[in-house]
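Visitor: Line by line, the protein sequences give chains A and B.
For this note's numbering, count along the first sequence from 1 and bump the result up by 20.
For this note's numbering, count along the second sequence from 1 and bump the result up by 20.
Hint data in this document are derived by calculation from the structure and do not stem from the laboratory.
Note that the structure is a prediction, hence the values are computed from the model and not measured.
Virtual Cβ for every residue (Gly too), placed ideally from N, Cα, C.
Worth double-checking, as some hints may not be accurate.
Stretch by stretch, here's where chain A covers chain B in the computed footprint (C-beta under 8 angstroms, at least three residues) [as the list claims (entries may be wrong)]:
(1) 86-94
(2) 135-146
(3) 294-306
(4) 411-421
Below 27 angstroms or equal to it, Euclidean Cα-Cα: the simulated DSSO-like pairs (lysine-lysine) are [claimed, not checked]:
(5) Lys-265/B <-> Lys-265/A
(6) Lys-436/B <-> Lys-325/A
(7) Lys-407/B <-> Lys-265/A
There are 2 protein chains.
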Amino acid sequence: MYKCNEDRMKDKINTFSRFGATGNGGITRYSLSEEALQARAEFEKRMEKTGAIIEIDDVGNIYATLEGTDKNAKRIVMGSHADSVKNGGNYDGILGVISAMEVLETIAEQKIPHKHPITAMIWTNEEGSLYPPAMMCSGIVCNDYLPEDIKHNFEYDKMMNSVSIEDRTTTFGEALEKSGYKGNKSYRLSRENALCMFETHIEQGPILEEAGNEIGVVDCVLGMFNQRIKFYGQTVHAGTFPMNKRKDAFFAAAQAILYLHEEIDKLGIKDLVYTTGEVVCHPCVHTCVPDYFDFSFEARHEDAKELEKVLAVVKSCADKEWAGCRCETVPAWNRDTVYWDKKLVGYVEESAKELGVKYQYIHSGAGHDAQFVSYMIPTTMIFVQSKNGLSHCEEEYSDPKHCTDGATVMLNSVLKADVSE
Amino acid sequence: MYKCNEDRMKDKINTFSRFGATGNGGITRYSLSEEALQARAEFEKRMEKTGAIIEIDDVGNIYATLEGTDKNAKRIVMGSHADSVKNGGNYDGILGVISAMEVLETIAEQKIPHKHPITAMIWTNEEGSLYPPAMMCSGIVCNDYLPEDIKHNFEYDKMMNSVSIEDRTTTFGEALEKSGYKGNKSYRLSRENALCMFETHIEQGPILEEAGNEIGVVDCVLGMFNQRIKFYGQTVHAGTFPMNKRKDAFFAAAQAILYLHEEIDKLGIKDLVYTTGEVVCHPCVHTCVPDYFDFSFEARHEDAKELEKVLAVVKSCADKEWAGCRCETVPAWNRDTVYWDKKLVGYVEESAKELGVKYQYIHSGAGHDAQFVSYMIPTTMIFVQSKNGLSHCEEEYSDPKHCTDGATVMLNSVLKADVSE
Numbered sequence: 021m022y023k024c025n026e027d028r029m030k031d032k033i034n035t036f037s038r039f040g041a042t043g044n045g046g047i048t049r050y051s052l053s054e055e056a057l058q059a060r061a062e063f064e065k066r067m068e069k070t071g072a073i074i075e076i077d078d079v080g081n082i083y084a085t086l087e088g089t090d091k092n093a094k095r096i097v098m099g100s101h102a103d104s105v106k107n108g109g110n111y112d113g114i115l116g117v118i119s120a121m122e123v124l125e126t127i128a129e130q131k132i133p134h135k136h137p138i139t140a141m142i143w144t145n146e147e148g149s150l151y152p153p154a155m156m157c158s159g160i161v162c163n164d165y166l167p168e169d170i171k172h173n174f175e176y177d178k179m180m181n182s183v184s185i186e187d188r189t190t191t192f193g194e195a196l197e198k199s200g201y202k203g204n205k206s207y208r209l210s211r212e213n214a215l216c217m218f219e220t221h222i223e224q225g226p227i228l229e230e231a232g233n234e235i236g237v238v239d240c241v242l243g244m245f246n247q248r249i250k251f252y253g254q255t256v257h258a259g260t261f262p263m264n265k266r267k268d269a270f271f272a273a274a275q276a277i278l279y280l281h282e283e284i285d286k287l288g289i290k291d292l293v294y295t296t297g298e299v300v301c302h303p304c305v306h307t308c309v310p311d312y313f314d315f316s317f318e319a320r321h322e323d324a325k326e327l328e329k330v331l332a333v334v335k336s337c338a339d340k341e342w343a344g345c346r347c348e349t350v351p352a353w354n355r356d357t358v359y360w361d362k363k364l365v366g367y368v369e370e371s372a373k374e375l376g377v378k379y380q381y382i383h384s385g386a387g388h389d390a391q392f393v394s395y396m397i398p399t400t401m402i403f404v405q406s407k408n409g410l411s412h413c414e415e416e417y418s419d420p421k422h423c424t425d426g427a428t429v430m431l432n433s434v435l436k437a438d439v440s441e
Numbered sequence: 021m022y023k024c025n026e027d028r029m030k031d032k033i034n035t036f037s038r039f040g041a042t043g044n045g046g047i048t049r050y051s052l053s054e055e056a057l058q059a060r061a062e063f064e065k066r067m068e069k070t071g072a073i074i075e076i077d078d079v080g081n082i083y084a085t086l087e088g089t090d091k092n093a094k095r096i097v098m099g100s101h102a103d104s105v106k107n108g109g110n111y112d113g114i115l116g117v118i119s120a121m122e123v124l125e126t127i128a129e130q131k132i133p134h135k136h137p138i139t140a141m142i143w144t145n146e147e148g149s150l151y152p153p154a155m156m157c158s159g160i161v162c163n164d165y166l167p168e169d170i171k172h173n174f175e176y177d178k179m180m181n182s183v184s185i186e187d188r189t190t191t192f193g194e195a196l197e198k199s200g201y202k203g204n205k206s207y208r209l210s211r212e213n214a215l216c217m218f219e220t221h222i223e224q225g226p227i228l229e230e231a232g233n234e235i236g237v238v239d240c241v242l243g244m245f246n247q248r249i250k251f252y253g254q255t256v257h258a259g260t261f262p263m264n265k266r267k268d269a270f271f272a273a274a275q276a277i278l279y280l281h282e283e284i285d286k287l288g289i290k291d292l293v294y295t296t297g298e299v300v301c302h303p304c305v306h307t308c309v310p311d312y313f314d315f316s317f318e319a320r321h322e323d324a325k326e327l328e329k330v331l332a333v334v335k336s337c338a339d340k341e342w343a344g345c346r347c348e349t350v351p352a353w354n355r356d357t358v359y360w361d362k363k364l365v366g367y368v369e370e371s372a373k374e375l376g377v378k379y380q381y382i383h384s385g386a387g388h389d390a391q392f393v394s395y396m397i398p399t400t401m402i403f404v405q406s407k408n409g410l411s412h413c414e415e416e417y418s419d420p421k422h423c424t425d426g427a428t429v430m431l432n433s434v435l436k437a438d439v440s441e
């Protein structure tokens, strides 16, 4: 079987780790930031060396394509994202881009025959760290095929012009124009030009490592819901206003956090995860009682019925008054569990077996661009073991051998897809 | 008795309310911001009209002085601040500046004879909203006289160059240079050039209104302590990391907030106020479990022994683990209860009585520039009734008649001080 090159993988991992390096082992590389543009330039430079043609669509997604023997055949696509969360690691997203690059480099170097054009790509703004929502540009590109309940989050104009994070000085649309990466809509990934997509990604959890497996054959992305829980109080001066008349929105939120943990844990739902990761406090000065506090709430599980029980607890927060404050729960977005294409999942499993690596079937708890693409064309994912299950942090790490094996599994899966049709 | 002019007061209140107007009835006017510079220019323009001489010291404090009959006499000073908190109101600080202006305008208009030079002033950066700490520039000017335990917060070089708020792009020193308000150190308020200081301020609490009094004769500023309570967890991906292995710093902080309220309320300390107004969450994105969370904690009371009991509860947080997270409590700064000069307090009471307004003795729960000045020269304050006790918010309001009466009380107190020495 054809194999990828570990030294070349290491070189790419090290090189990309420099773009946005925090100095503490991780990166902050917001989409379309200067650091992200460095990563894009590196991607283009290396892909052009393989002989690939570079195309950029109207939301900055980059496609590097090696022609196959059949000029009219649809593309087989591999890709992930090059942006990160704040103080994130060197593997989330970028490993999928590096693996796709490695597949093209291996094909070019070893002159591996293939009928279909094969494309390595970067999806713009997957994390949504600076420009929400997450998976913005795969959402926009696949919009026609998205289920109605998530579609409204990916309206093109809304995405381009919205400014919703306080310390941001520009919109996504403005940043895209400025970046020089606003390309042509006709280059978008579509049912007409693409046969299927593969995305390699780190697991971002501890399951593979604990089981002693290096590769995960992913079968689905877990369903989830997102809500925003908001508390409205009254700002008063910290030194002058009696305690018993206060309406402290931060105290209200703290009470609600404990209530949520208590009530949700009572449900006893196996494998449920839920997170309150983002907060807003106003006016957020030590001499003022906060008049507003909100936090994000998200929960993930394969079974929609279990998620409904959790949602009922979240919504019940709004029925109560917390420390004198009114509470409101606002739905952000949801997704049902998305199952991958069975044929492609089979190719991944066969390839892992042929390579002789230890692997297992696994769900994805995290959302990925592949999930939106799967509504449009057959799609699947390959997971690589994460050290200590850590991700979205600077300690994020995957063994270079495992990373290379992941790329080899993807290469051989792509070649199986190439001869299937 | 001499009286101030309500129409002129109203005009000043309305004019200054425009500098930094949020559009929702309040202002955001950070020290040395463009809006603050507009307020400073207005102050200078109006004070020059009275014939006052403008002087600016090396930290941007502005002094507008009307000469008296004795060129060698020390100044009688009135002042407060022109900066605000984020989304603050139109009275906190600026009313004291406007009242001081009104006193000079009344003296000039009515040609009121006086022996001592009389000075209206603006203290730079009282709120410390953008450049902590609060009361920075009175702290720097009065530094030699501050008690040792608070002195270290007001080191000149540290203040000038520190950058500790994340979304700030400049230091206080840089902003001061750029503003054009870096004057001469020799102009600083001092024991050598000043006899005493008066500061008029809104009450910022509900006590005067509830008692039906319009003026407060302030006798002290309550003692207080400030701490920062910090929680250290582990960032992991929200979708992939099992609940039972998480170390969620926000969940930890929420538990501690409830613990603090429960334990402190158990102490049953009458008239105690404590506040957790400022939070920091990292990385603060909805797809990550927070690895760091901290919040400010401050408590205020006249009796230092009661505050010690509260501090013991705060410190006990660090003895426990919260949701798997380590906790640390870091002292920020403290102050003992500061009592005003008894002679000056007497002048204020006599003036209120002569004017025939309803008044009462009152403590100040909030800190003010006057507090630091009082370590250096005799000082006191005059409070004006606040509507609904609201302050540090856009709803902040005081009746123009009460404001004018406050200015009249200050004018007559100044004149009493003028003839006393």
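Visitor: Now, for every hint given, state plainly whether the structure supports it.
Guide: Hint by hint, here is what the structure shows:
| no. | hint | verdict |
| --- | --- | --- |
| 1 | 86-94 | violated (count 0) |
| 2 | 135-146 | violated (count 0) |
| 3 | 294-306 | holds (count 12) |
| 4 | 411-421 | holds (count 3) |
| 5 | Lys-265/B <-> Lys-265/A | violated (39 angstroms) |
| 6 | Lys-436/B <-> Lys-325/A | violated (78 angstroms) |
| 7 | Lys-407/B <-> Lys-265/A | holds (15 angstroms) |
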